[in-house]
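When we follow the numbering used here, the leftmost residue of the sequence shown carries the number 1, and every step to the right adds one.
Hints in this document: simulated from the structure, not taken from any laboratory. Just to be clear, a hint being listed does not mean it is correct.
[To be verified] Keeping only pairs whose Cα atoms sit at most 25 Å apart, straight-line, the calculated SDA-like set for lysine to any residue is:
| no. | residue 1 | residue 2 |
| --- | --- | --- |
| 1 | 37 | 91 |
| 2 | 65 | 77 |
| 3 | 84 | 24 |
| 4 | 65 | 25 |
| 5 | 169 | 60 |
| 6 | 179 | 52 |
| 7 | 189 | 159 |
| 8 | 189 | 150 |
| 9 | 37 | 23 |
| 10 | 37 | 77 |
| 11 | 179 | 100 |
| 12 | 65 | 16 |
| 13 | 189 | 209 |
| 14 | 179 | 44 |
| 15 | 37 | 7 |
| 16 | 65 | 18 |
| 17 | 169 | 58 |
| 18 | 65 | 9 |
| 19 | 65 | 46 |
| 20 | 189 | 148 |
| 21 | 84 | 54 |
| 22 | 179 | 105 |
| 23 | 84 | 46 |
| 24 | 84 | 7 |
| 25 | 179 | 96 |
| 26 | 84 | 132 |
| 27 | 37 | 78 |
| 28 | 179 | 164 |
| 29 | 65 | 55 |
| 30 | 169 | 190 |
| 31 | 179 | 12 |
| 32 | 37 | 70 |
| 33 | 84 | 112 |
| 34 | 37 | 87 |
| 35 | 179 | 58 |
| 36 | 179 | 25 |
| 37 | 65 | 50 |
| 38 | 65 | 179 |
Quick caveat, the model's predicted, so the values are computed rather than measured.
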Amino acid sequence: MATTTRFTLTNGYHTEGLAEPSVLQGWVEFLSLFVAKEVPDTSTLGPLYATVAGQVIHDSEAASKMPVPPENFTGLTYDEALAKWRERSRVRVLFDEGGAASVPPGTPTAAFEHRFESYPVEGTEAVRWYLGPDGTLVTSAPSIADDADGSIDAYTSDPAARPEVSLVKGEDSWSRLPKYDWAYPVDGKALVYTSPELTEDSVMPGHAGGPLCARRRPTPISRSPSPRCVPTGRSSTQSVAACVEAQARRGPLHRRCSR
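Whole structure, please, built from the sequences with the hints as guidance.
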């Protein structure tokens with residue numbers, strides 16, 4: 001099984017995976033080789049690429065400008081096509097989908113791509129962040145005990161403090177460039193922890209997340225932090241932020257149990 005698995009990673013909504021023509025083509029090629037047992041022929045998919053993408057992003061005109069991938073197995077026998085497919089790298093990462101200069105902004109076309117032989121990709125280094133004092137993310141694990149002075153952060157849950165959604169009313173999240181109005185968490189109504197600025201380029205193909213322990217009297221609660229990159233106001237520097245909100249009357253958070 002391991003020799004027949006291939007992975008494509010990309011940003012964007014989950015629906016946009018098949019909106020990218022080369023991804024849709026790769027799916028058809030896989031089904032042809034391993035289900036139908038025949039040489040893939042995707043030459044008739046040209047109109048379908050734009051149709052699928054147009055339905056996903058609600059913009060057929062922009063979708064029509066997406067590049068059509070070339071055929072990969074023309075003139076090959078089945079065994080030759082299968083051997084060529086198996087030569088492909090196991091992991092393909094499409095970077096900056098929606099930012100390609102060749103199509104309108106927001107169109108699900110990658111600006112560039114790289115291929116790797118493993119996932120996590122070779123050279124990946126895991127970085128752990130811990131909740132620190134004063135809304136910071138730090139790389140050193142806390143050593144203080146639970147309930148020690150200075151070990152607990154608290155907030156009061158207030159659903160009215162921020163809008164339920166960040167999408168502007170009347171906008172569709174599947175549109176090519178939907179409008180958002182992000183409201184920053186209100187002090188005292190949420191907990192936000194931010195790392196120092198990232199001063200070097202960091203490539204992160206994959207996911208970010210982690211467990212989070214919190215306590216609400218009288219019972220513990222469990223929440224997942226929502227990691228995101230936040231601009232710092234400089235053109236090329238960002239920080240990592242973990243935003244924590246829970247539907248609890250009070251939200252004491254013991255920083256020692258986060259990781």
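Taking the hints in turn, this is what the structure says about them:
At roughly 23 Å between alpha-carbon atoms, residue 37 and residue 91 fall within 25 Å of each other, so this suggested pair holds. For the hint pairing residue 65 with residue 77, the CA-to-CA distance comes to about 32 Å; that exceeds 25 Å, so the pair is violated. This hinted pair checks out: residue 84 and residue 24 have alpha carbons roughly 18 Å apart, not beyond 25 Å. For the proposed pair residue 65 and residue 25, the alpha carbon gap of about 17 Å is at most 25 Å, so the pair holds.
Restraint check for residue 169 and residue 60: the C-alpha separation of about 23 Å stays at or below 25 Å, so the hint holds. Of the supplied pair hints, the one linking residue 179 and residue 52 holds, its CA atoms being roughly 22 Å apart against a limit of 25 Å. The hinted pair formed by residue 189 and residue 159 meets the criterion: a straight-line CA distance of about 9 Å does not exceed 25 Å. Among the hinted pairs, residue 189 with residue 150 is consistent with the structure: their alpha-carbon atoms are about 19 Å apart, no more than 25 Å.
For the hint linking residue 37 to residue 23, the alpha-carbon distance of about 20 Å falls within 25 Å, and the restraint holds. Only pairs whose Cα atoms come within 25 Å are accepted, and residue 37 paired with residue 77 is accepted, the gap being roughly 11 Å. Note on residue 179 and residue 100: the hinted pairing holds, with a Cα-Cα distance of about 19 Å set against a maximum of 25 Å. Distance hint between residue 65 and residue 16 is fulfilled; the C-alpha atoms sit about 16 Å from each other, no more than 25 Å.
Pair hint residue 189 plus residue 209 holds up; C-alpha atoms about 22 Å apart against a cutoff of 25 Å. In summary, the hint linking residue 179 to residue 44 is not supported, as the alpha carbons are separated by about 35 Å, beyond the 25 Å threshold. Taken as a hint, the residue 37 and residue 7 pair is honoured in the structure, with Cα atoms around 21 Å apart against an allowance of 25 Å. Distance restraint check for residue 65 and residue 18: the Cα-Cα separation of roughly 16 Å lies within the 25 Å cut-off, and the hinted pair is therefore satisfied.
Our distance criterion of 25 Å between C-alpha atoms is met by residue 169 and residue 58, whose separation comes to about 17 Å. Only pairs whose Cα atoms come within 25 Å are accepted, and residue 65 paired with residue 9 is accepted, the gap being roughly 22 Å. Proposed proximity of residue 65 and residue 46 is supported: the alpha carbons are some 12 Å apart, at most 25 Å. Taking the CA atoms of residue 189 and residue 148, the gap is about 23 Å. The hint holds against a cut of 25 Å.
For the given pair, residue 84 sits about 31 Å from residue 54 by alpha-carbon distance, which is inconsistent with the 25 Å threshold. In summary, the hint linking residue 179 to residue 105 is supported, as the alpha carbons are separated by about 13 Å, within the 25 Å threshold. Distance check on the hinted pair: residue 84 and residue 46 sit about 22 Å apart at the alpha-carbon level, within 25 Å; holds. Of the supplied pair hints, the one linking residue 84 and residue 7 holds, its CA atoms being roughly 16 Å apart against a limit of 25 Å.
Straight-line distance between C-alpha atoms of residue 179 and residue 96 comes to about 19 Å, which keeps the hinted pair within the 25 Å bound. The straight-line distance between the Cα atoms of residue 84 and residue 132 is roughly 51 Å, outside the 25 Å bound, and the hint therefore fails. Note on residue 37 and residue 78: the hinted pairing holds, with a Cα-Cα distance of about 8 Å set against a maximum of 25 Å. Proposed proximity of residue 179 and residue 164 is supported: the alpha carbons are some 15 Å apart, at most 25 Å.
For the proposed pair residue 65 and residue 55, the alpha carbon gap of about 14 Å is at most 25 Å, so the pair holds. Using a Cα cut-off of 25 Å, the hinted pair residue 169 and residue 190 holds, with the two alpha carbons roughly 23 Å apart. Among the hinted pairs, residue 179 with residue 12 is consistent with the structure: their alpha-carbon atoms are about 15 Å apart, no more than 25 Å. Taken as a hint, the residue 37 and residue 70 pair is honoured in the structure, with Cα atoms around 21 Å apart against an allowance of 25 Å.
With a C-alpha separation of about 22 Å, the suggested pair residue 84 and residue 112 falls inside the 25 Å cut-off, and the hint holds. For the hint linking residue 37 to residue 87, the alpha-carbon distance of about 18 Å falls within 25 Å, and the restraint holds. Between residue 179 and residue 58 the CA atoms are separated by roughly 14 Å; this keeps the pair inside 25 Å, and the hint holds. In summary, the hint linking residue 179 to residue 25 is not supported, as the alpha carbons are separated by about 30 Å, beyond the 25 Å threshold.
For a cut-off of 25 Å, the pair hint linking residue 65 to residue 50 stands: about 8 Å separates their Cα positions. A threshold of 25 Å between alpha carbons decides the hint, and for residue 65 with residue 179 the separation of about 22 Å falls inside it, so the pair holds.
In this structure, the earlier hints numbered 2, 14, 21, 26 and 36 are contradicted, and the remaining ones agree with it.
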